[in-house]
Amino acid sequence: DTEVTQTPKHLVMGMTNKKSLKCEQHMGHRAMYWYKQKAKKPPELMFVYSYEKLSINESVPSRFSPECPNSSLLNLHLHALQPEDSALYLCASSPGTGADTQYFGPGTRLTVL
Amino acid sequence: SQQGEEDPQALSIQEGENATMNCSYKTSINNLQWYRQNSGRGLVHLILIRSNEREKHSGRLRVTLDTSKKSSSLLITASRAADTASYFCASTDSWGKLQFGAGTQVVVTP
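Chains A and B, in that order, give the protein sequences. Per our numbering, the very first residue in the first sequence carries number 495; after that it's consecutive. Per our numbering, the very first residue in the second sequence carries number -15; after that it's consecutive.
These are computed hints drawn from the structure, not numbers from a lab. The reader is advised that the hints may include incorrect statements.
Computed list of lysine to any residue pairs in SDA-like fashion (alpha-carbon distance at most 20 Å, straight line) [said to hold, decoys possible]:
no.: 1; chain 1: A; residue 1: Lys530; chain 2: B; residue 2: Thr4
no.: 2; chain 1: A; residue 1: Lys532; chain 2: A; residue 2: Ser565
no.: 3; chain 1: A; residue 1: Lys535; chain 2: B; residue 2: Thr93
no.: 4; chain 1: A; residue 1: Lys535; chain 2: B; residue 2: Gln89
no.: 5; chain 1: A; residue 1: Lys532; chain 2: B; residue 2: Ala66
no.: 6; chain 1: A; residue 1: Lys534; chain 2: B; residue 2: Thr11
no.: 7; chain 1: A; residue 1: Lys503; chain 2: B; residue 2: Asp(-9)
To spell it out: a stretch of chain A is covered by chain B in this simulated footprint if at least three of its residues, at any positions, have a beta carbon under 8 Å from a beta carbon of chain B; those stretches are [stated by the list, open to error]:
no.: 8; region: 510 to 522
no.: 9; region: 537 to 548
no.: 10; region: 596 to 603
Note that the Cβ used here is the ideal one computed from N, Cα and C, for glycine as well.
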């Protein structure tokens, strides 16, 4: 299995909702990432997990809460989001956290009403 | 934060023509990578060039890297309609953090 999967593909939520984005890879990669991408902009790094531990948090607001239950899964818990948080959320994985190629999932298109 | 610039921002060519896009970055890098993204989907890795390499080829792709100028270029030869996409360069630091350029939107018309 050489792909990163993300669910759901689309998500619409209200500002008071709690939802979660899921990401899964079975390539044995030990680093996983969350990115946020606004329309016509490049992806921006949010979080990096290395060996299931959070290693980088790019000053992301606490309404985004990442979780890595095991080496294959990465979640992003969402609570009390704002309309400006609407974006494409991309998950990626790489063999390690060195200068490795990152493999991206198809993304979750999030709309916050 | 965005690492560098890409130009042009948009490029429109006909099938069979070559497409060239450039990327500049700001800090020291371990390597530089190019990714393709089709209309708001995930990014697909195209090619990686290490900081001690100057040129690399993969199929119809040719990448150059000039570390003295902190710049890279991606050439797609004999373009096809299926090459229509946004192309991003991404520099990698020693922590493995990818810093993406602004991207070049390429449209290839039949």
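Can the restraint linking A/Lys535 and B/Gln89 be considered satisfied, given a maximum Cα separation of 20 Å?
Roughly 11 Å separates the two Cα atoms, so the pair holds.
Has the region 596 to 603 of chain A got at least three residues whose CB is nearer than 8 Å to a CB belonging to chain B?
holds (count 7)
Would you check the hint for A/Lys503 and B/Asp(-9), treating anything up to 20 Å between C-alpha atoms as holding?
Not OK: A/Lys503 and B/Asp(-9) at ~31 Å, beyond 20 Å, violated.
Below or equal to 20 Å on CA atoms is what counts here, so check A/Lys532 against B/Ala66.
violated (23 Å)
Holds or violated: A/Lys534 with B/Thr11, Cα cutoff 20 Å?
violated (24 Å)
Cut-off 8 Å, C-beta pairs, minimum 3 residues; does the coverage of the region 537 to 548 of chain A by chain B stand?
Per the Cβ count (4), the hint holds.
Using a Cβ cutoff of 8 Å, are there at least 3 residues of the region 510 to 522 of chain A near chain B, or does the coverage claim fail?
The restraint on the region 510 to 522 of chain A is violated, since only 0 of its residues have a Cβ under 8 Å from chain B and three are required.
Please work out if A/Lys530 and B/Thr4 have their alpha carbons no farther apart than 20 Å.
Violated, because 27 Å separates the two Cα atoms, which is more than 20 Å.
Can the restraint linking A/Lys535 and B/Thr93 be considered satisfied, given a maximum Cα separation of 20 Å?
violated (23 Å)
Need the status of pair A/Lys532, A/Ser565: alpha-carbon distance at most 20 Å?
violated (28 Å)
In this structure, the hints that do not hold are numbers 1, 2, 3, 5, 6, 7, 8, in rising order.
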